[in-house]
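Enquirer: Residues per chain are reported as follows:
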Amino acid sequence: GAVVSQHPSWVICKSGTSVKIECRSLDFQATTMFWYRQFPKQSLMLMATSNEGSKATYEQGVEKDKFLINHASLTLSTLTVTSAHPEDSSFYICSAFTGQLNNSPLHFGNGTRLTVT
Amino acid sequence: GQSLEQPSEVTAVEGAIVQINCTYQTSGFYGLSWYQQHDGGAPTFLSYNALDGLEETGRFSSFLSRSDSYGYLLLQELQMKDSASYFCAVRESKNGGSQGNLIFGKGTKLSVKP
Numbered sequence: 001g002a003v004v005s006q007h008p009s010w011v012i013c014k015s016g017t018s019v020k021i022e023c024r025s026l027d028f029q030a031t032t033m034f035w036y037r038q039f040p041k042q043s044l045m046l047m048a049t050s051n052e053g054s055k056a057t058y059e060q061g062v063e064k065d066k067f068l069i070n071h072a073s074l075t076l077s078t079l080t081v082t083s084a085h086p087e088d089s090s091f092y093i094c095s096a097f098t099g100q101l102n103n104s105p106l107h108f109g110n111g112t113r114l115t116v117t
Numbered sequence: 001g002q003s004l005e006q007p008s009e010v011t012a013v014e015g016a017i018v019q020i021n022c023t024y025q026t027s028g029f030y031g032l033s034w035y036q037q038h039d040g041g042a043p044t045f046l047s048y049n050a051l052d053g054l055e056e057t058g059r060f061s062s063f064l065s066r067s068d069s070y071g072y073l074l075l076q077e078l079q080m081k082d083s084a085s086y087f088c089a090v091r092e093s094k095n096g097g098s099q100g101n102l103i104f105g106k107g108t109k110l111s112v113k114p
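Residue numbers (my numbering), protein chains in the order written: chain A, 1 to 117; chain B, 1 to 114.
The set of hints was computed from the structure by calculation and includes no laboratory data.
The reader is advised that the hints may include incorrect statements.
Here are a few chain A residues that face chain B, going by a calculated C-beta distance under 10 Å [to be verified]: (1) C13; (2) Q38; (3) F108.
Ideal placement from N, C-alpha and C gives every residue a C-beta, glycine not left out.
Chain A on its own, in the form it takes in the complex (with noise of 0.2 Å):
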């Protein structure tokens, strides 16, 4: 089953809008968790590492007033993307490693599809 819930799946709004995301660890503690952008037939892009109770680190290039990120408990990280444009077209996917060890796997929740018209 899913070790990482991300809500909501997909989402279309307004340009000028904001439109936040919900990404849950189930089932264990994420301390840590990372948010990645996918634009069509390209790859995941880091754009921030969430951390809890803490400011999150944002990739170069990612306007952290423009994407908000809180990480207000060990179970919940979300991501607010403000006065969406159509370029913040995407697919926003959240994710977080079970275990601290090198070779733990990092899940990924089931991904934002966000469409701004």
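Assemble chain B onto chain A, guided by the hints.
Expert: What follows is chain B alone, placed relative to chain A:
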């Protein structure tokens, strides 16, 4: 920085064997992983190699040669449902330690034909 190279597309027929290669450049190495992603879906973990050699899991096997910075995913007895994108990935390394997040290759789109 770190980078991974893999073929963009591979086509094979049902029942065949296909090998997807991956070469990588990393400042530190914490193992090579493989993920499968069907169109519209999220990636799912397939395998992980930390040491040289072959790891077998059912129809799928993964190989690693650290001296060559090279690995591959081998898919046997191909089925139509194996049509998907396959990504190799390494853990990011900063300041000599593993930071946890994965860096992905650009993916190989496998098409299995009848």
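Enquirer: Hint by hint, note whether the structure agrees.
Expert: So, going through the hints one by one against the coordinates:
With 10 Å as the threshold, the beta carbon of C13 (chain A) stays out of range of chain B, its nearest partner Cβ sitting at about 19 Å, so the hint is violated. A hinted interface residue such as Q38 (chain A) counts as satisfied when its beta carbon comes closer than 10 Å to some beta carbon of chain B; here the least separation is about 9 Å, so the hint holds. Below 10 Å, beta-carbon pairs count as interface contacts, and F108 (chain A) has one with chain B at about 4 Å; its hint therefore holds.
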